[in-house]
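Protein chains: 2
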Amino acid sequence: MSTPTSTRQWVLSNKPTSLPVLSGPNPTFHLESAPLPPLGTDQVLLKTLFLSNDPAQRGWIDANILPERLYIPPVQLGEAMRAYGVALVVESTAQALPKGAYVVAGTKWSEYRVLDASECQEIKEVEGVGLTQYLGALGLTGLTAWYGLVEVVKASAEDGTVVVSGAAGATGSMVVQIAKKMLGVKRVVGIAGTEEKCRWVEGLGADVCLNYKSKGFKEELVKATDGFVEVYFDNVGGEILDLMLTRMKRFGRVAACGTISGYNTDEPVGLRNYLEVIMNRVEIKGFVVIDYLPKAREARERFLKAVKEGKLVVGENETVVDTAFEDIPKTWLKLFEGGNTGKLVTKLT
Amino acid sequence: MSTPTSTRQWVLSNKPTSLPVLSGPNPTFHLESAPLPPLGTDQVLLKTLFLSNDPAQRGWIDANILPERLYIPPVQLGEAMRAYGVALVVESTAQALPKGAYVVAGTKWSEYRVLDASECQEIKEVEGVGLTQYLGALGLTGLTAWYGLVEVVKASAEDGTVVVSGAAGATGSMVVQIAKKMLGVKRVVGIAGTEEKCRWVEGLGADVCLNYKSKGFKEELVKATDGFVEVYFDNVGGEILDLMLTRMKRFGRVAACGTISGYNTDEPVGLRNYLEVIMNRVEIKGFVVIDYLPKAREARERFLKAVKEGKLVVGENETVVDTAFEDIPKTWLKLFEGGNTGKLVTKLT
Numbered sequence: 000m001s002t003p004t005s006t007r008q009w010v011l012s013n014k015p016t017s018l019p020v021l022s023g024p025n026p027t028f029h030l031e032s033a034p035l036p037p038l039g040t041d042q043v044l045l046k047t048l049f050l051s052n053d054p055a056q057r058g059w060i061d062a063n064i065l066p067e068r069l070y071i072p073p074v075q076l077g078e079a080m081r082a083y084g085v086a087l088v089v090e091s092t093a094q095a096l097p098k099g100a101y102v103v104a105g106t107k108w109s110e111y112r113v114l115d116a117s118e119c120q121e122i123k124e125v126e127g128v129g130l131t132q133y134l135g136a137l138g139l140t141g142l143t144a145w146y147g148l149v150e151v152v153k154a155s156a157e158d159g160t161v162v163v164s165g166a167a168g169a170t171g172s173m174v175v176q177i178a179k180k181m182l183g184v185k186r187v188v189g190i191a192g193t194e195e196k197c198r199w200v201e202g203l204g205a206d207v208c209l210n211y212k213s214k215g216f217k218e219e220l221v222k223a224t225d226g227f228v229e230v231y232f233d234n235v236g237g238e239i240l241d242l243m244l245t246r247m248k249r250f251g252r253v254a255a256c257g258t259i260s261g262y263n264t265d266e267p268v269g270l271r272n273y274l275e276v277i278m279n280r281v282e283i284k285g286f287v288v289i290d291y292l293p294k295a296r297e298a299r300e301r302f303l304k305a306v307k308e309g310k311l312v313v314g315e316n317e318t319v320v321d322t323a324f325e326d327i328p329k330t331w332l333k334l335f336e337g338g339n340t341g342k343l344v345t346k347l348t
Numbered sequence: 000m001s002t003p004t005s006t007r008q009w010v011l012s013n014k015p016t017s018l019p020v021l022s023g024p025n026p027t028f029h030l031e032s033a034p035l036p037p038l039g040t041d042q043v044l045l046k047t048l049f050l051s052n053d054p055a056q057r058g059w060i061d062a063n064i065l066p067e068r069l070y071i072p073p074v075q076l077g078e079a080m081r082a083y084g085v086a087l088v089v090e091s092t093a094q095a096l097p098k099g100a101y102v103v104a105g106t107k108w109s110e111y112r113v114l115d116a117s118e119c120q121e122i123k124e125v126e127g128v129g130l131t132q133y134l135g136a137l138g139l140t141g142l143t144a145w146y147g148l149v150e151v152v153k154a155s156a157e158d159g160t161v162v163v164s165g166a167a168g169a170t171g172s173m174v175v176q177i178a179k180k181m182l183g184v185k186r187v188v189g190i191a192g193t194e195e196k197c198r199w200v201e202g203l204g205a206d207v208c209l210n211y212k213s214k215g216f217k218e219e220l221v222k223a224t225d226g227f228v229e230v231y232f233d234n235v236g237g238e239i240l241d242l243m244l245t246r247m248k249r250f251g252r253v254a255a256c257g258t259i260s261g262y263n264t265d266e267p268v269g270l271r272n273y274l275e276v277i278m279n280r281v282e283i284k285g286f287v288v289i290d291y292l293p294k295a296r297e298a299r300e301r302f303l304k305a306v307k308e309g310k311l312v313v314g315e316n317e318t319v320v321d322t323a324f325e326d327i328p329k330t331w332l333k334l335f336e337g338g339n340t341g342k343l344v345t346k347l348t
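Protein sequences appear in the order of chains V and B.
Read left to right, the first sequence gives residues 0 to 348 (numbering that gives the first Met the number 0).
Read left to right, the second sequence gives residues 0 to 348 (numbering that gives the first Met the number 0).
Don't read these hints as lab results, they were simulated from the structure.
Please read all numbers here as calculations on a predicted model, not as lab measurements.
Be careful, since some hints might not be right.
Which bits of chain V does chain B cover? Going by a derived footprint, with three or more residues having C-beta under 8 Å, they are [as the list claims (entries may be wrong)]:
id	stretch
1	66-73
2	236-248
3	252-261
4	271-282
The following label-pair restraints were derived from C-beta to C-beta distances [what the hints assert, rightly or not]:
id	chain 1	residue 1	chain 2	residue 2	range
5	B	K153	V	V20	43 to 51 Å
6	B	F335	V	A62	34 to 42 Å
7	V	P26	B	V20	48 to 56 Å
8	V	K310	B	K217	45 to 53 Å
9	B	G77	V	V20	57 to 65 Å
10	B	A62	V	E238	18 to 26 Å
11	B	E194	V	G183	55 to 63 Å
12	B	G77	V	I71	56 to 64 Å
13	B	E218	V	K214	42 to 50 Å
14	B	L18	V	T193	38 to 46 Å
15	B	E194	V	L65	27 to 35 Å
16	B	L18	V	K214	28 to 36 Å
All residues carry an ideal CB built from backbone N, CA and C; glycine is no exception.
Please model the entire structure based on the sequences and the hints provided.
Written as structure tokens, this is what we have:
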């Protein structure tokens, strides 16, 4: 194969205010071809193999979020969509990162990309840990769960109960395992959107997982949180956050990690129980994983150790979707349909 | 005057879900007469002179708040309405608290009440500090402002800007003064509901106070919080809280003290900008002043010192309303009409 001189890439065409659209007169993205620069010193040409699908990406392209309020620069119109991926080094001028190496990097939604070697993190397949896990359990997702629990709300074995929503999602399924098996929290209650997901979350170690779409959910949650809870790890916002405010123990802590229920709507988060925050001295702390990137290595080593000790299952908590390059946005949108268990990974075919 | 053997008192008849009503078929309160017990050992008979009016009282009688979620037992139907007041000791069997002494105590909405001397806190008029200030600046209100700033959100001279809503209210007017004159915060921005209140708040030391009912409020707030703010002391909840979420600096702190905009409505707090909590790592911390009661003496001494040093004005930040006993609920309801500047105190005539 000769070295490619151009790449296909998905580019932002229109900033959405609600659910991104893939067709019609104003699609959110379009596919185009772009030239690749020649390799400079200490650079690599990457071929994207897997893409990470993250709810956070929705924020990076939102029409209403002011650039100065976002934690990283938003994606500009005409720019390739930002994404993390696992890639193969197909050409290299960097001694430390030879052709044939695998890396995690900001591949964007591009088939090929030229990057400085220093912008890539080399990864290796080890027993029980595949390449894709570096996008999930051993990547930003795992880091989000770990530091959200350990630093943001300081969950520990002294906590009676941790509740986590989106428990079958990428972050949630790590929160369940870390809380129960690594931190020794007494009781972990998951919340997810189907019976099947709930049973899967219980298999990961949750004492119980409740289906928020079931008719008796509210009563079940009250029963499952009898005596109230110290920590709520919130991945969803909206109605479940509102309900959980009534289930927090006095001085309870909420890790505000995500609000996926609200990413694709203009509707406000309607908190009927906001007074609970005051009455019960609840602390709601927003956080973003990038603040913990300098500690990524430390967390990854903990996780690898936990995998060896059988305290952490990372192979199961991902959904890998075979995807043609043309269908990258379609697979990404599955995030908002609630279809995946664990990390949603795009495998480019 | 012979010792009274009965008292008039306002009793809870119906728990409100929205604005309490004083007439009609289901009034919130009714007036009745009740016998007074004879004095036991170390007891006092109190005659109520002034009553404290507090938004928190609305929570104590709410129909929808579950008793186990409130921070103190709710007022029961048929029970005299709970309130703090300044009272005169008219009979005493307690050596430490003789007839003629003034006290702050849980007088309820009663003309007379028998209490243990240990349940009363003796107070004295000193220069620049009248009896009623022990219900406001030197009472729970001042304590709320002080510990909300100093312990809950840890405001200090290192903070560039503190914004406080309900700035002309009892707590807000103390927050303004404490932040600016006692803690040395660089810039204090108040939010209040009339131009007159705003000018008064500026007179207390706020760099600027904005009228949230003015047409250009949103733009004015953006301008007044250019560069964003470290601390928001929230007395009102609702739309102003929502707007302030867009004005918080990264890692900004919100002291969730009150949500008066929502006390008399079933409508949820609609937060359109909740995502800001996550994106900008905002911390929202609910608190209730009773947690700081053990430190009340310390705060009061600070305040008395600050009054002497001219750093704190406590005489001006109260609205004392002459009120016949029959009109106690009517005066209390003024709290929710936004009419008062500073502490709303009922003076029984």
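Here's how the hints hold up against the structure:
no.	hint	in the structure
1	66-73	holds (count 3)
2	236-248	holds (count 3)
3	252-261	holds (count 5)
4	271-282	holds (count 11)
5	K153(B) with V20(V): 43 to 51 Å	45 Å, holds
6	F335(B) with A62(V): 34 to 42 Å	38 Å, holds
7	P26(V) with V20(B): 48 to 56 Å	55 Å, holds
8	K310(V) with K217(B): 45 to 53 Å	51 Å, holds
9	G77(B) with V20(V): 57 to 65 Å	60 Å, holds
10	A62(B) with E238(V): 18 to 26 Å	22 Å, holds
11	E194(B) with G183(V): 55 to 63 Å	58 Å, holds
12	G77(B) with I71(V): 56 to 64 Å	59 Å, holds
13	E218(B) with K214(V): 42 to 50 Å	47 Å, holds
14	L18(B) with T193(V): 38 to 46 Å	43 Å, holds
15	E194(B) with L65(V): 27 to 35 Å	30 Å, holds
16	L18(B) with K214(V): 28 to 36 Å	34 Å, holds
Every hint from the earlier list agrees with this structure, and none is contradicted.
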